[in-house]
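Participant: Spelled out from the first residue to the last, the chains are:
There are 6 protein chains.
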Amino acid sequence: MDNERYERGLEMLARVDGEQGDKVVEALADIAPDFGRLMLEFGFGDIYARPGLCLKDRELITISALAAKGACEPQLKVHIHGALNVGWTREEIVEAFMQVALYAGFPAALNAIFAAKAVFAERQ
Amino acid sequence: MDNERYERGLEMLARVDGEQGDKVVEALADIAPDFGRLMLEFGFGDIYARPGLCLKDRELITISALAAKGACEPQLKVHIHGALNVGWTREEIVEAFMQVALYAGFPAALNAIFAAKAVFAERQ
Amino acid sequence: MDNERYERGLEMLARVDGEQGDKVVEALADIAPDFGRLMLEFGFGDIYARPGLCLKDRELITISALAAKGACEPQLKVHIHGALNVGWTREEIVEAFMQVALYAGFPAALNAIFAAKAVFAERQ
Amino acid sequence: MDNERYERGLEMLARVDGEQGDKVVEALADIAPDFGRLMLEFGFGDIYARPGLCLKDRELITISALAAKGACEPQLKVHIHGALNVGWTREEIVEAFMQVALYAGFPAALNAIFAAKAVFAERQ
Amino acid sequence: MDNERYERGLEMLARVDGEQGDKVVEALADIAPDFGRLMLEFGFGDIYARPGLCLKDRELITISALAAKGACEPQLKVHIHGALNVGWTREEIVEAFMQVALYAGFPAALNAIFAAKAVFAERQ
Amino acid sequence: MDNERYERGLEMLARVDGEQGDKVVEALADIAPDFGRLMLEFGFGDIYARPGLCLKDRELITISALAAKGACEPQLKVHIHGALNVGWTREEIVEAFMQVALYAGFPAALNAIFAAKAVFAERQ
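Residue numbers (this note's numbering), protein chains in the order written: chain E, 14 to 137; chain Y, 14 to 137; chain V, 14 to 137; chain F, 14 to 137; chain H, 14 to 137; chain C, 14 to 137.
It should be emphasised that the hints constitute simulated quantities derived from the structure, not laboratory data.
Keep in mind that the hints are not guaranteed to be accurate.
No distinction is drawn between identical chains; accordingly, a pair holds when it is met within one copy or between any pair of copies.
[Stated by the list, open to error] Below are the SDA-like pairs computed for lysine to any residue, each with C-alpha atoms no more than 25 Å apart in a straight line:
#1 K36 x V132
#2 K130 x R21
#3 K130 x P64
#4 K36 x E86
#5 K130 x E24
#6 K130 x Q33
#7 K69 x A131
#8 K69 x G100
#9 K69 x A42
#10 K130 x P46
Hey, can you work out the whole structure from these sequences and the hints?
Facilitator: Printed below as a string of structure tokens:
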């Protein structure tokens, strides 16, 4: 195990996705533990931790990419939590998905907005 | 024609995509002039002009969505110009595409980075 | 609010998607009311209301696009209702999805056919 | 070889895609001749030849699916030729792609409209 | 009906997808019986039965394609069963999805791994 | 720099993609050198180097995923070279893309087959 990258990844994950991220790594524990570790090391330890963009910008990129791509509702929900955790408001997140509608169509935007609605309700 | 929305759209397009955006609307003039107008009115007059997010955030959303979706290189290039126009640096744009790699894979990120490389060269 | 476009959009929505479309707009009311309005104005008031193609052709385009794109089952179901509402038969809708199989593969076609099966059952 | 299905496929291909379709099958001759034959037998002999929808409807489904899916410009161009061959006008084809914009976003619609522009120019 | 191709398709389906495949064909019986037959004849009778690749390789191709494409969980699950049926181990299937992460991103890989987890649990 | 992972990545890249892979890393040198390094370390040093699947299987997964996903022709070509380098024959690669047609449609398969045709011609 690559301790430094793993520790840095764990720390970033905690700041961004909080409990939601932990649950994903836990769900992988019995079937693909290495994948959970590699995702932490590379995704959070290598990429998220880079200085070139702040965490707030990174989460905006992430939810925009996931909403446009589609077919990844569980990950989108984790990162809507993440976007709220790093300082985006509910209104800004919905506004971001309205912007995505121009490039990925109304259904992609609607799916993302309804995912946001579910996440907002969970956090109440 | 819906003059107010059209005028607002033209103004937003000028601020964001500059000449690149004009060329798209011109290229539509002989085949789908209504589509050029509707895109301006709705995309730029209705959505881009909304106060909920600043232009700089909107362009980050746009290039992230386009990079993740793939198969839209011409539009991605227009909006890499746009991202530079509204204040993102070259380094930040490349960094955004590295973040997209996590969610859409390396090929999507590579295609976006090489589109950025071409745009940066054009502007030199 | 743009009254003329909104009214025309409401009217088109009623003719195409009936109750199903209303439910989508209602579900947006508390989280993204502007998005519901913009979708009505632009989608139904601007595009659907254009004279270049009849409603029946527009719904065939819509269900074909949604089936091929995938990952938008709720919207596909709304528009399978829509396709029935504007005069397509159940057999023709299933036949359309078989045609889509050639271009988007068997899984996309199967998902669309099973969405149709669920919609047909709902309407019985 | 399955003569009846192959012959029916050849006949359908000739009616729909004309020369453009022949070129695809020819281009496969040295690398994947069986794939050319299977595509003809299944795509054109089995699916296109079914009575449930007329050829004109089938081509509308096809160009809508291809435009929404994206990343298949060569096939989209073949079928824009096909759509013209079976009776759709240039204006209707462009209108169809405007309808697709609602469901797959502006870039997908723009790419399809510019593919149509290139096909229309070729035919002049 | 094309008896030879159909019989060969049935036999291949039984070897690959077993009961899971039968259920798909049965689920189509009341809504799209021809589609079930055509899928068997073409998919299993024509393609799967070709000598150029062994069944084990074909199932690896299939689960990799489905995982990368996304939005086809039911079909992915059928073919994770299929991959196990033709001799891949659970560990190899998870490993394949880790490889897919490089090309289609972490969410696509996670969705596939969790589909595998569900299939493995079903078979216990 | 993570020397061990980087060295292992370089070695794997050389075995799989040879010159083609080097060219990608070189093309990134002036615009995104860190991305080239991270891709090598994670993609080739971490994932490709894992013992769970042999290189030959990994390349089959890769070309199947890329063909199904679409919109990544440059990467698909690099890995068609890779598939040939690790022992797949031309006929088997084409056969794999025919199998992909079932799950991602004929256009995706055709694009992959024509990419293979171009790669085979280059190597002659």
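Participant: State for each hint whether it applies.
Facilitator: These are the hints, each one checked on the structure:
Within a single copy, K36 and V132 get their C-alpha atoms as close as 15 Å, and across copies as close as 20 Å, so both meet the 25 Å cut-off. For a Cα distance limit of 25 Å, the shortest separation of K130 from R21 qualifies neither inside one copy, at 31 Å, nor across copies, at 28 Å. Taking CA atoms no more than 25 Å apart as the test, K130 paired with P64 passes between copies only; the shortest distance there is 21 Å, against 31 Å inside one copy. Both within a single protomer and between protomers do K36 and E86 lie at most 25 Å apart by alpha-carbon distance, with minima of 15 Å and 21 Å respectively.
When the C-alpha separation of K130 and E24 is checked against a cutoff of 25 Å, the pair qualifies neither within a copy, at 28 Å, nor between copies, at 27 Å. In this assembly of identical chains, the alpha carbons of K130 and Q33 lie at most 25 Å apart whether taken from the same copy (16 Å) or from different copies (19 Å). In this assembly of identical chains, the alpha carbons of K69 and A131 lie at most 25 Å apart only when taken from the same copy (21 Å versus 28 Å across copies). Proximity of K69 and G100 under a CA criterion of 25 Å is satisfied in both settings, with 7 Å inside one chain copy and 17 Å between copies.
For the identical chains of this complex, K69 and A42 are neighbours neither inside a copy (29 Å) nor across copies (27 Å), given an alpha-carbon limit of 25 Å. Proximity of K130 to P46 under the C-alpha cut-off of 25 Å is restricted to the inter-copy arrangement: shortest distance 12 Å between copies versus 31 Å within a copy.
Hints 2, 5 and 9 from the earlier list are contradicted by this structure; the remaining hints agree with it.
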